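> Each chain is listed here by its residues.
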Amino acid sequence: MAWTKKDLLDLEYLTAEEITTILDTARSFYEVSTRTIKKVPALRGKTVVNLFYEASTRTRASFEIAEKRLSADVLNVNVSVSSVTKGETLLDTVKNLCAYKIDVIVIRHSVSGSPLYLARNIEASVINAGDGAHEHPTQALLDIYTLRERLGELKGRQIAIVGDIAHSRVARSNIWGLTKLGAKVTVVAPPTLVPRDIERMGVAVSHRLDEAIARADAVNMLRIQREREKQTLFPSLREYSKLFGLDEEKIKDLPEGMLVMHPGPINRGVEISGAVADGPHSVILEQVTNGLAVRMAVLFLVAGGTSLHPESLGT
Amino acid sequence: MTLLIKNGHLVDAAQKLDGAGYVFIKDGSIAASAPGTPPASLHPDDVIDARGMLVTPGFIDLHVHLREPGQESKETIESGCRAAVAGGFASIVCMPNTVPTIDHASIVKFVHLEAQRVGLANVFPAGTVSRDREGKELADIGELATAGVVALTDDGAPVMDAGLMLRALEYARMFGIAVMDHCEDPQLTNFGVMNEGFYSTKLGLRGIPSVCEDVMVARDILLAEYTGGRIHIQHISTAHAVRMVREAKQRGVHVTCEVTPHHFSLTDAALSDYDTNFKMRPPLRAEEDRAALLRGIADGTIDAIATDHAPHTDTDKNVEFDYAADGVIGLESALPVAYTKLVKEGALPLMRLVELLTCGPAAIIGKDKKGTLRPGADADVTIWNPNASYTIDAGAFRSKARNCPFHGWAVNGKVIRTIVAGETKYEAV
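If you're matching them up, the sequences are chains A and B in order. First residue of the first sequence: 4, per the numbering used here; consecutive thereafter. First residue of the second sequence: 46, per the numbering used here; consecutive thereafter.
One thing to keep in mind: the hints can contain errors.
Said to hold, decoys possible - With a straight-line cut-off of 20 Å between C-alpha atoms, the simulated EDC-like cross-links for lysine to aspartate or glutamate are:
no.	chain 1	residue 1	chain 2	residue 2
1	B	K362	A	D95
2	A	K158	A	D27
3	A	K255	A	D220
4	B	K459	B	E472
5	B	K362	B	E117
6	A	K158	A	E21
7	A	K8	B	D318
8	A	K8	A	D106
9	A	K98	B	D359
10	B	K362	A	D220
11	B	K181	B	D206
12	A	K98	B	D361
13	A	K9	B	D318
In case anyone wonders, no lab produced these hints; they're calculated from the structure. As the structure is a prediction and not an experimental result, all values here were calculated from the model.
Looking at chain B on its own, in the form it has when it is part of the complex (with noise of 0.2 Å):
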């Protein structure tokens, strides 16, 4: 089975790729790659024209809420996978804070099981780094990683024991996978609902320090450079978090990080109505954060654009603000966010957009065959239209969820194929 895409313009960060080209795709991989016009050697079964459309490779989302097993009132791995792919994510990474917690052998199997059934893109689960989440002591990390677990991560909550997190980090090294950290200390959030500053002040809301990550961030750093594990920062949100990750990737420090669209376009100054889709941890920030990520971004100090896509059911959600829960959805409006945001109305290149959505979050989960184009690689593939102009409608998300901060947002950036492993996924209507 082979497939043409020509006509296409070519971004791939990881082959330095951007100019007109061909993608030719044969049996689940990519065959080649290349700038120019496809030779009259190849004969395809198949061929996509996608003139006035950027070719990239398969977006990755490193940070995923299925829901599922035990919240499928909120999303399933269906409906997250179908988000998914209408979102562009060829790949995407589950968050192990379901109920049961993906904290043994048995729940990966059954996320890859019911992924694969699914078909649509592929999920790699990540496992809990302490057993139930509950911080207290190493899940069996030998058998989650044996299971293929990319990552580990207690999301949701931080991993506060530094001991434990000393050992993870350690453990971690025998089987080259990153621990990933909600870095949060509950005692300086301290039931803050929203960052702490003059929006939580005027509003009445408790705050959450932005120093309550910075410390966290700053620990988990110390900790990696001493033990010489690897350490990925979630969702980063402050700007000393971005300091502090800059400097420590310039000493060699095996560290990298995350930003979600919704930190790095919205500040606390959105909460001003009280609208709990505006209300996630770590909290929308001040306008100096936000910029210091918009420079993370930039220089390389940011390795990937992550979602935390966390859905929830309006019970949930249309609550008093102190009652709502926290999160939001986002990967059906990622792209639009990003491309608007970063390169439309900002000054990024756009092959530094499309490494922090492929290459970037590939290599922290060491998956060398994805997040490219390159002659071996999966054959994950989005076609996308940067001029396509359009309003974000949550209603018509495929995602069970509706907790969108972007709903109604005039973007540019649209989705028009998403091809994982040879196969179109998703077709714009």
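Pulled out of the complex, with its shape left as it was, chain A reads as follows (with noise of 0.2 Å):
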């Protein structure tokens, strides 16, 4: 199906069919990254910018190289929140930026829903790169995108999220996103970190992870964000990490095809022992990579783009 919104602000929205389309269109992207030369032209003579307001260096990469790959003129503007609070508002930093008459806007930011809030006061295109606890919609692409590779079609099948689903846009993009596709989740922590009503979003909850995993097809391990806690919200990571790190001891019985991912950066040792996350189960690495063609993706389609063969582009 050919692709009509002009931004890519959540997952919430989005129809499965939007959703494949991405995933579809992911799929061709690929193969560039496979190439000698990794670039295509689709998005020659347009500007992006990767406007952050939180620290990020993953997606910030993961972005920047699918920009360059796809030839865009990339600018970054990194803008500490303490700028923010003391300066220039985020409508005019970004009236000020489309000024250049610049197509996409990638955004992250501490608060939920900015990115919502920028797309309708600007032209430009908006991609949501992670907005507070809201969404992450790029990641849950990638995630997804990395589970139908291993698993095929995503009906039926069982994925746990594990962790601060609480402060998590990582965890809210993927129960929109893998619910959609008609995929069984369920949320696994401890209720301090489980937010109220979230089986009104359509997932289970569940407060022991070996009972999870032991059903499940995946376990997506999200890092624990004591730097949003304002309050605390368990004992201690020693204790945390008892009851719901992903160690060898907690996976030896579960069957070989059994994923684990996690959106990164890991806290090694904590959410996740290092043996697990670099042993048979972990597809860490490749959602990294898949991330990229993910993201090539989504830029391509927000731009403009409507074809779905990246040969027929060039190079």
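Using the supplied hints, reconstruct the complex from the two chains, each of which is provided in its own coordinate frame.
Quick look at the structure:
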């Protein structure tokens, strides 16, 4: 199907067809990064601004490489939160950038809803690279892409998302995306890290890691975000790790094909042991590689691209 | 100077008056109000024909932020009073969280003098409970009471120190004024920005649990019961708080409460696209809370409709959700929203709505000459047309602010004329 949206803000308001369109487009773009000359002219003449109001290494690098492989002109703007609170407003900053007639803004912001707020106020396309605890749509898309590559059809598959659900935009985007594609999602965490009424998003809730992973086709381990906690939500990392950390002992009886995912950055020894992260179940680095293809697809689609065949774009 | 309002439909909850009648005003006071046609013996200087209109006591709003002194870019006493009379409010209680706070007599005097200069609505300042609203030591409550404050509140913030609240309730008894509390335990609020529930979870916004209000309401009721003081719960928003007030009233505790139009007509679902014009404290709650508020309005648990008119500039509101100021304006939308939601679409008797806007709030601030058309009362009268149907346009408001959650609503009920002390202060064009 043809892509019609100006922005990619969330997965909540995408249809299963739109998600599939992005994933199929990403599959075409995956091949570009395997070439000797890793570049296509798909976004030649387009200007993309990466506007990051929160520290990020991985997501920003992934977007920047994706943009460059599509031949876009790229500008990186990093703004620390402290300069925001005393200086120029977000909208003023972005309107200034838009005066350069830019085409796409990739924004990461600590306040939920900021990408939508921008998208309603500017003509350029907005891609949400993570907003507060709301959504991180490209991360979920790359998670789903990875699951599809490994498991095929996701309908009826059991996916466990483990960890700091309360503060996790990755969890929310994954929940919307996976449930739209028919997967069964269980969130696993202590009650203090499970946000209220999350069942109404169509997921099951479990407080037992062993039970949840025993029936899972894949488990997505989230990072504990202590920096976002305003009050103590569990006694200690040591206790958390014992109850909800994934280590070799907990994983030893699970079938070989059970996938272990992590959106990164990993806290080795907290939510996941080094051995599991580097072990046979882990698809963590595949996620990173797939992320590049997914972001190329998203950039391509919101910037108005329609062809799904990068070969036809030349090199 | 005499004025006759005739041919209107009188609704005065204090007198249980509901029917065609007339009001005769002499020298700023009500000389007569009665059913039927005025006797020929009256020779008024002026006559208002209120055919097709409701004639009610002038409305009273217990909860208004006029922002002056200190934050005049948001609102001034003058612009706020213009908004008040345009909304049918003859009297407003202004909150003391100004800069400086209304915590000593000279600021009370300033507000009185400026309101007098403006000469539109009656402005009754509330004083702070604590010095500088810091919640540490009692303000000079006696001095404030003597200067004319009608209540005490640290509104915007709760009185967290239970010992201070106990002493405030005891001490205020001496002056017969209520202590009003913004009930919210900040440790439970924990930097929340909207009601905690499905919508905060989905939107990834930090939640404010309803229990943060409940624990404070429970505490305040217990302290009022223990001291015999008068507690007034501001902008009540939760089902449990309504239940506790209802039960406390049955026990004879001196507790009253107010509800805002936004809390009884909207829920947290309205936050779905992060519009900061739906951000306020307490936050819009869940549907079951809203339903409980409607029951409290119907059964008499809730004493008054108050707007919590909280003006902010576009700069304060047109920012990322977390950074946006809390609060919405309400003076110019309260009547149509309340009439449409409660009476027209709901089952509330008109008399009860009038009570919530007039004698209900008047009793809480001890103004027995306000909120009624009884002979001898102050001649504050609001004439309004319940059948007028129109769309709320915040752009046309008299308030300086535009942060109205009801902009674009199709409503019924329009203020036609607001009379304060016998003089017309607002007339619809």
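> Hints broken by the structure, by number, lowest first?
Of the numbered hints, just 10 does not hold.
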